[in-house]
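Sequence lines, in order, name chains V and W.
Under this note's numbering, think of the first position of the first sequence as -7, with each following residue one higher.
Under this note's numbering, think of the first position of the second sequence as 10, with each following residue one higher.
Source of the hints: derived by calculation from the structure; they are not laboratory data.
Watch out, some of these pointers could steer you wrong.
[As the list claims (entries may be wrong)] Here are the computed distance ranges between Cβ atoms for each label pair:
| id | chain 1 | residue 1 | chain 2 | residue 2 | range |
| --- | --- | --- | --- | --- | --- |
| 1 | V | Gly245 | W | Ile184 | 25 to 33 Å |
| 2 | V | Asp169 | W | Gly246 | 54 to 62 Å |
| 3 | V | His209 | W | Met10 | 54 to 62 Å |
[To be verified] Partner residues aside, some chain V positions facing chain W, computed with beta carbon under 8 Å:
| id | residue |
| --- | --- |
| 4 | Leu31 |
| 5 | Leu32 |
| 6 | Arg47 |
| 7 | Glu120 |
| 8 | Ala172 |
| 9 | Leu239 |
Note that CB positions come from ideal geometry on N, CA and C, so glycine has one too.
Spelled out, the chains give:
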Amino acid sequence: MSDRSAALGSIDSGMVVQPLGIGLPYFASLPSELYARELLNFVEITPETLCRERRDGTRVAIELLPDKLERARQVCGALPVAVHGVELSIGSAHGWNAAYLEMLDAFQAYWPFRWHSEHLGFQTIPGEGGATLNVGIPLPQPATEESVRIVGERSTAIQRRYGVPFLLENAAHYLADLPADPEIGDEIGLMREITERSGCFQLLDLHNLHCNAVNHHIDPFDAIGRMPLSRVVEIHVAGGSWHDGFLMDAHDGRVPERVWDLLEYTLPLTQSVAGVVFEMLDEHAVRLGVQAITEELIRARDIWRSCRPG
Amino acid sequence: MQLALGRLIRAPTREDPLGGLRLDTAERARLAALADSPGFRCTVKAQRSWCAGRAAKSAQLTLSLRPAEERQRLLDDWVNSGGGTPSFFTAEAAAFLEFLAERLPCPSHALTVCRVEQATLRARDGAIRFAVPDRSWLDAPDRVLRAGRYAALVPFRAAPHLLLAALEGQPLPPISPTITPVLFGPGLPGLSRLATGEEMALWERLRAPQALSALWREGHPREAIATLVMAGVAEYGE
């Protein structure tokens, strides 16, 4: 542990994650048979999709909905579960979403998970009278020392709270020239510093990396070479689409060849990866259909097996 | 910086979205350059599309009864006012439906459907934790009743089945001068049903809390009172 990581109070990342294989997000709208197939090794659940928000003045609570939760558990059966949250806003300088964590406490008590991931970024800002305002879209975290400290301390706390690896996902974004401290450099430097100092891990979203590479003219293979690969526990592959001259991480289609190339390149470079997930949004999953989803899962599985023989 | 960026994304056309923030000249210049970049415009467009999409999802039926141009204007107005940003459906839906209700013609079928979507949302929300109340309390004359917090009575200006058919593509029925009242409550099977005349009168009376003795004196049938209470359409007050 470095001096700097000690300063953040990082936990030792002696956490060992058993390799699982190929995963798929849980969507109530997809046929339940999809989650019973042998080609699936685990399920990724976004607990917020099983919740409702209740507001009482300025107090906000996120409540799990028993019927949705029970159905999800029935559908997913005995498959191992990883949590992929979207509401934490871990990088917000004014504070994170405590209601989300309270909900996750209840979720874990009901349905233990192998690891837990969130997006490296922020989506809330302070409003008037102590209220929290949603921006309406996740925004990238500035690559600054302050970000390392804020997100690092919170990541350490989360990892202690749940006793399982906590992963930060690299985001896709369209904003060039965000503030950055020279010693951190860019979003890859930010991820490296946070994971090293806090002991948390990375969810490497290869489609997000692909989007940033295309939109900001960087070499994705070079970017992978600078990443903290020994900290990568999960990989996302996904599809996107072009809007106004930008390739967007719309999660609305099949995985482009370039992203498959990145997966084939990355997997042999790290033994820490425990799972690869084909990520989609609910509304697009139904449109894509079972056949297309199955084909993507098979391709991911073939690459996984070629890199993880035995 | 986060606050400045967040405000710019939320309200890029507002006169001074950075008003009140302590920013030096260099920071303001940097933000101005950022706000003028194609990537920023793309982010704002995506944010507005997400916000409008979330709002539209919460009022699908109501919006489907308005012309495309008006639908878009209503969504734009909502997003311009800062709406559509929360991810959770229920909190967002209730606020957006109220926003729509204030802007729809009265009477109109669109307003009826808007009230139906509001009432369904509320009743569904209440149904999650609904427990049938203690019936024995209905024997206590001092017990106070009020309209249920998760209940509603929606006056239809056409036979409900005709309005439902219109939502599936049939022509809209004419606006009727008489109303067909439909009750919504968390304990009702299917969350809604037609209201009887007695129930409608009772609902109107319970807009303000009433002691049971007063309701009995006015001749409201005990069985109608019990039915509404057991379905969460009326509830015990303080």
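Of all the hints numbered above, which does this structure not satisfy? Sort the numbers upward.
Of the numbered hints, 1, 3, 4, 5, 7, 8 and 9 do not hold.
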